[in-house]
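A.B. asks: Below are the chains, spelled out letter by letter.
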Amino acid sequence: NAGVTQTPKFQVLKTGQSMTLQCAQDMNHEYMSWYRQDPGMGLRLIHYSVGAGITDQGEVPNGYNVSRSTTEDFPLRLLSAAPSQTSVYFCASSYYQGEINEKLFFGSGTQLSVL
Amino acid sequence: DAKTTQPNSMESNEEEPVHLPCNHSTISGTDYIHWYRQLPSQGPEYVIHGLTSNVNNRMASLAIAEDRKSSTLILHRATLRDAAVYYCTGGDSGAGSYQLTFGKGTKLSVIP
Chain A
1 NAGVTQTPKF QVLKTGQSMT LQCAQDMNHE YMSWYRQDPG MGLRLIHYSV GAGITDQGEV
61 PNGYNVSRST TEDFPLRLLS AAPSQTSVYF CASSYYQGEI NEKLFFGSGT QLSVL
Chain B
116 DAKTTQPNSM ESNEEEPVHL PCNHSTISGT DYIHWYRQLP SQGPEYVIHG LTSNVNNRMA
176 SLAIAEDRKS STLILHRATL RDAAVYYCTG GDSGAGSYQL TFGKGTKLSV IP
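Which chain is which? The protein sequence lines are A and B, in order.
All residue numbers for the first sequence refer to our numbering, where the first residue is 1 and numbers rise by one.
All residue numbers for the second sequence refer to our numbering, where the first residue is 116 and numbers rise by one.
By construction, these hints were calculated from the structure, which means they are not laboratory data.
C-beta: ideal position from N, C-alpha, C; glycine also.
Take these hints with a grain of salt, some might be off.
Claimed, not checked - Now the stretches of chain B that chain A is said to cover, found in silico as 3 or more residues with beta-carbon under 8 Å:
#: 1; stretch: 154–168
#: 2; stretch: 216–227
As the list claims (entries may be wrong) - Taking CB as the label site, the calculated pair distances span:
#: 3; chain 1: B; residue 1: E181; chain 2: A; residue 2: F10; range: 44 to 50 Å
#: 4; chain 1: A; residue 1: S69; chain 2: B; residue 2: E130; range: 48 to 54 Å
#: 5; chain 1: A; residue 1: S69; chain 2: B; residue 2: T167; range: 36 to 42 Å
#: 6; chain 1: A; residue 1: Q111; chain 2: B; residue 2: L166; range: 34 to 40 Å
#: 7; chain 1: A; residue 1: L115; chain 2: B; residue 2: K219; range: 23 to 29 Å
#: 8; chain 1: B; residue 1: L154; chain 2: A; residue 2: S84; range: 38 to 44 Å
Chain A extracted, bound-state conformation (with noise of 0.2 Å):
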């Protein structure tokens, strides 16, 4: 089973670069995340969505941007990458029954740094 596949898995930029950050999971899952990790701050969510066409905010959503076409999908993009912006990006995706909490499957991440 593939679950959360997440490419690439490391990536270069230079200020100002863009790129997307793809996520693809083959469970059916409703729900779909992403999550950047820095050192010593644990995991932040950057955006999430509930389905296809739906995506909101989550705690640090500025400079990223996100789409969901389809059930299988949920690519990041940085549209003017920043040094900020160097971390650890994680992708999750799990069932979603409205208030009923599922567990949440993890991608392997992507180590970006931004120069």
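Starting from the structure of chain A, add chain B where the hints point.
C.D. replies: Relative to chain A, chain B alone:
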């Protein structure tokens, strides 16, 4: 948002039980309490979750206080493979939204 408080670090001897505490005094009545762990250089993985009653699975047990303001993750016999950062988190599943927010977690060291 449901905010959680955990100790920064804990140590345990191998094959001893470990009790990892978490305070979540602002959690709402319908939000589940989740625990995840993160091994070095890996993504977080699910450990256990529950609402009100104590929960057991093959990995751990979750003891939830009667007032739901705190919980304890219990590893019955710590192994070296259990050395990880453990995150307690509460959902914020108000009508129309769902956010699972993570704190800084507890780094568990297991001493052989």
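A.B. asks: Each of the hints needs a verdict: does it hold here or not?
C.D. replies: Cross-check of the supplied hints:
By the rule of at least three residues with a Cβ nearer than 8 Å to a Cβ of chain A, the coverage given for the stretch 154–168 of chain B holds, with 6 such residues. Closer than 8 Å: that is the beta-carbon criterion, and the stretch 216–227 of chain B has 5 residues meeting it against chain A, so the requirement of 3 holds. In this structure the hint that B/E181 and A/F10 lie 44 to 50 Å apart at CB holds, the actual value being about 47 Å. For the pair A/S69 and B/E130, the beta carbons lie near 50 Å from each other, so the given range of 48 to 54 Å is met.
Distance hint check: the CB atoms of A/S69 and B/T167 are about 38 Å apart, consistent with the given range 36 to 42 Å. In this structure, A/Q111 and B/L166 meet the distance hint of 34 to 40 Å, their C-beta atoms being roughly 35 Å apart. At about 27 Å, the beta-carbon gap between A/L115 and B/K219 stays in the expected band of 23 to 29 Å. Our hint of 38 to 44 Å for B/L154 and A/S84 is violated, since their Cβ atoms are close to 27 Å apart.
Violated hint for the displayed structure: number 8, the only one.
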